Amino acid sequence: MSRTITIDGVTRIEGHAKITIDLDDKGAVRDAHFHVTQFRGFEKFVEGRPLTEMPSVMARICGICPVSHLMASAKACDELLAVEIPPTAAKLRRVMNLAQIVQSHALSFFHLSSPDLLLGFDSDPTKRNIFGLMKTHPEFAKDGIMLRKFGQEIIALLGGKKIHPAWVVPGGVAEPLTAERREKILEAIPTALEIAKRAASWLASVTDKFPDETASFANFPTMFAGLVTPDGNLEHYDGAMRFTDDSGRPVAEFSDPRKYPNYIGEAVENFSFLKSPYYKPKGYPDGIYRVGPLARIIMAEKCGTPLADAELARFRARLGRAPASSFHYHWARLIEILFGIESLQNLMNDPDILNPRVRARARPNRSEGVGITEAPRGTLIHHYKIDDDGQMAWANLIIATGHNNLAMNRGVKQVAERFVNGEKLSEGMLNRVEAVIRCFDPCLSCSTHALGQMPIHIQLRGPNGEVLDELQRD
Amino acid sequence: MNFSETDIFPQTPLQVLVIGYGNPMRTDDGAGPAVASLLAHSLRSSPNCRCDTAHQLVPEHAEELLYAPRVLFIDASVDVPPGQIRISRLLPSEPSPHNLTHHLAPQTLLWMTSMLFGRVPQAWSVAIGAADLSVGNQLSAAVAKTCDRLSSHLAFHLQRWSTHSAHVH
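Taken in order, these protein sequences are the chains called A and B.
Using my numbering, you'd call the opening residue of the first sequence number 1 and step up by one each time.
Using my numbering, you'd call the opening residue of the second sequence number 475 and step up by one each time.
FYI, nobody ran anything at the bench for these hints, they're computed from the structure.
Accuracy of the hints is not assured; some may be wrong.
Taking beta-carbon pairs under 10 Å as the criterion, some of the chain A residues facing chain B (in silico) [to be verified]:
| # | residue |
| --- | --- |
| 1 | 63 |
| 2 | 117 |
| 3 | 118 |
| 4 | 119 |
| 5 | 121 |
| 6 | 123 |
| 7 | 131 |
| 8 | 139 |
| 9 | 142 |
| 10 | 144 |
| 11 | 147 |
| 12 | 178 |
| 13 | 182 |
| 14 | 187 |
| 15 | 188 |
| 16 | 318 |
Owing to the predicted nature of the structure, the values given are computational and were not obtained by experimental measurement.
Each residue gets a CB set at the ideal place from its N, CA and C atoms; glycine is no exception.
With these hints in hand, go ahead and build the complete structure from the sequences.
Written out as structure tokens, the structure is:
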């Protein structure tokens with residue numbers, strides 16, 4: 001008798017989704033799917049709007065990573081204007097992008113995923129959340145809040161507000177950085193670094209304590225993709241887009257962002273509103289690849305800052321150059337936090353960072369532009385076409401979470417095969433099926449964020465739809 | 475008392491912190507930010523009083539509460555008749571495990587401040603009865619009038635508070 005388990009909705013992720021697990025007659029997992037159940041329409045409703053509005057409009061896609069959309073959108077608009085933005089503007093954009101990566105990774109690790117790691121995947125679900133952590137591990141929870149504040153305040157210092165700053169514009173940024181604000185940022189960096197080092201050391205010390213999760217949390221070979229510097233190092237704002245095989249060896253690379261359609265195809269499945277990008281030369285679905293912090297540090301020869309490189313060396317000494325398990329996204333995230341804070345320090349100490357020349361002005365000079373940047377969750381692509389009046393005629397967005405869609409679906413199936421007992425459901429099983437998704441830190445609604453668990457309903461159904469077993473978490 | 479808990483962007487110590495929160499794109503849900511903005515203008519020469527606006531309360535606000543011994547949370551409410559105001563004292567309250575969603579209540583925020591930093595300010599809720607929560611970026615006429623009256627009234631008292639010191643407990 002075949003059955004279907006539905007987890008609706010998935011908790012401690014950004015946005016709304018559900019998971020279904022199909023069981024065969026013997027109760028074994030036959031298939032599993034990750035469904036993104038909300039619909040966005042940005043590509044359509046921006047049509048007819050002037051291109052100058054795009055960064056601010058596109059930033060509204062997301063309340064967690066609006067800066068990523070600002071960056072990708074502004075870069076696409078730079079292309080439409082056919083301008084080279086002032087070097088200081090590029091550095092300031094990097095500052096804001098890194099600040100956002102730090103705050104977003106802090107949210108993912110401390111607020112959303114660490115309850116599983118600190119309190120246990122099978123612990124009481126009413127306490128397995130950020131509030132539970134505040135009671136049992138208040139210093140750890142405080143570190144998370146302060147690190148997130150660090151990133152948010154830098155964004156506000158540059159852009160005037162923490163969420164949806166309108167400071168990144170086509171051609172550069174709206175205002176230069178002041179010396180007073182630079183000093184404030186520099187003063188905050190030592191404490192932020194201490195928090196990041198503390199978290200990375202702790203995670204390194206407990207990684208071996210999760211062998212079952214490591215073995216089954218989307219643990220399979222895939223390609224990886226993301227931006228790299230000309231030297232092949234960690235990159236988040238610009239550079240060439242690289243695809244590697246499952247060992248991290250490069251297989252393709254392009255510097256002209258407009259060539260992305262040669263490498264990336266976009267499949268659509270009827271069970272989800274989230275597209276499934278794939279590496280076009282290998283076809284669908286064999287062209288599965290992963291993006292985001294784990295992919296980036298696997299592809300990078302090195303990070304390029306001392307503390308992050310030391311942590312990367314520890315990571316590789318323990319796990320090898322290209323660990324297949326998505327469980328290690330957590331550690332990769334902390335390496336990137338270290339890199340982000342160190343890079344912010346370097347940028348703040350760059351004498352050119354206070355240069356007032358931060359914007360190039362031009363009228364539209366091209367009809368098509370593509371901007372690619374690295375969001376916290378992975379590579380983000382904005383592709384625009386405009387008409388002769390500079391109004392949007394067409395847009396295509398490939399969101400970071402989308403690149404990981406195939407891997408998330410396969411990961412859900414793998415973890416379900418390992419943990420789901422078709423005879424009897426348990427909350428710990430349910431939590432692990434969700435936790436594999438949390439490793440990827442997907443951003444689905446892109447405009448809300450969860451503090452802890454959301455209402456959840458899981459059902460075991462018979463072939464005729466009858467409910468055989470049921471769990472409810474309000 | 476040392477208000478500076480960490481070296482990450484410590485704030486200037488205050489006597490009063492006002493947080494007006496809500497969604498200004500949902501008509502009267504923007505009442506909290508509207509009153510906070512009016513107060514910020516009225517109290518611009520009172521350095522001991524800061525008026526912030528927020529779309530919603532977030533965990534980072536727990537640290538913000540350290541910098542003032544008195545905090546006012548101003549929000550729109552459907553539990554108060556439209557155009558009316560209800561002011562009530564707030565105490566820290568541990569969140570229910572069954573209510574851990576996007577919404578963060580001020581009582582929970584006070585509880586977080588207490589748990590993480592070991593002290594908590596005196597706090598009040600100022601609830602403004604909402605008449606219309608549909609999509610729109612302007613307050614309804616009745617609520618706009620209430621916000622004007624409320625901000626004038628609060629400005630007078632906050633001005634006094636900002637010159638009288640109090641302590642975080």
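Tested hints:
{"no.": "1", "hint": "63", "in the structure": "8 Å, holds"}
{"no.": "2", "hint": "117", "in the structure": "18 Å, violated"}
{"no.": "3", "hint": "118", "in the structure": "15 Å, violated"}
{"no.": "4", "hint": "119", "in the structure": "13 Å, violated"}
{"no.": "5", "hint": "121", "in the structure": "17 Å, violated"}
{"no.": "6", "hint": "123", "in the structure": "12 Å, violated"}
{"no.": "7", "hint": "131", "in the structure": "5 Å, holds"}
{"no.": "8", "hint": "139", "in the structure": "8 Å, holds"}
{"no.": "9", "hint": "142", "in the structure": "5 Å, holds"}
{"no.": "10", "hint": "144", "in the structure": "8 Å, holds"}
{"no.": "11", "hint": "147", "in the structure": "8 Å, holds"}
{"no.": "12", "hint": "178", "in the structure": "15 Å, violated"}
{"no.": "13", "hint": "182", "in the structure": "13 Å, violated"}
{"no.": "14", "hint": "187", "in the structure": "7 Å, holds"}
{"no.": "15", "hint": "188", "in the structure": "5 Å, holds"}
{"no.": "16", "hint": "318", "in the structure": "30 Å, violated"}
Checked against the numbered hints given earlier, this structure breaks hints 2, 3, 4, 5, 6, 12, 13 and 16; the rest are met.
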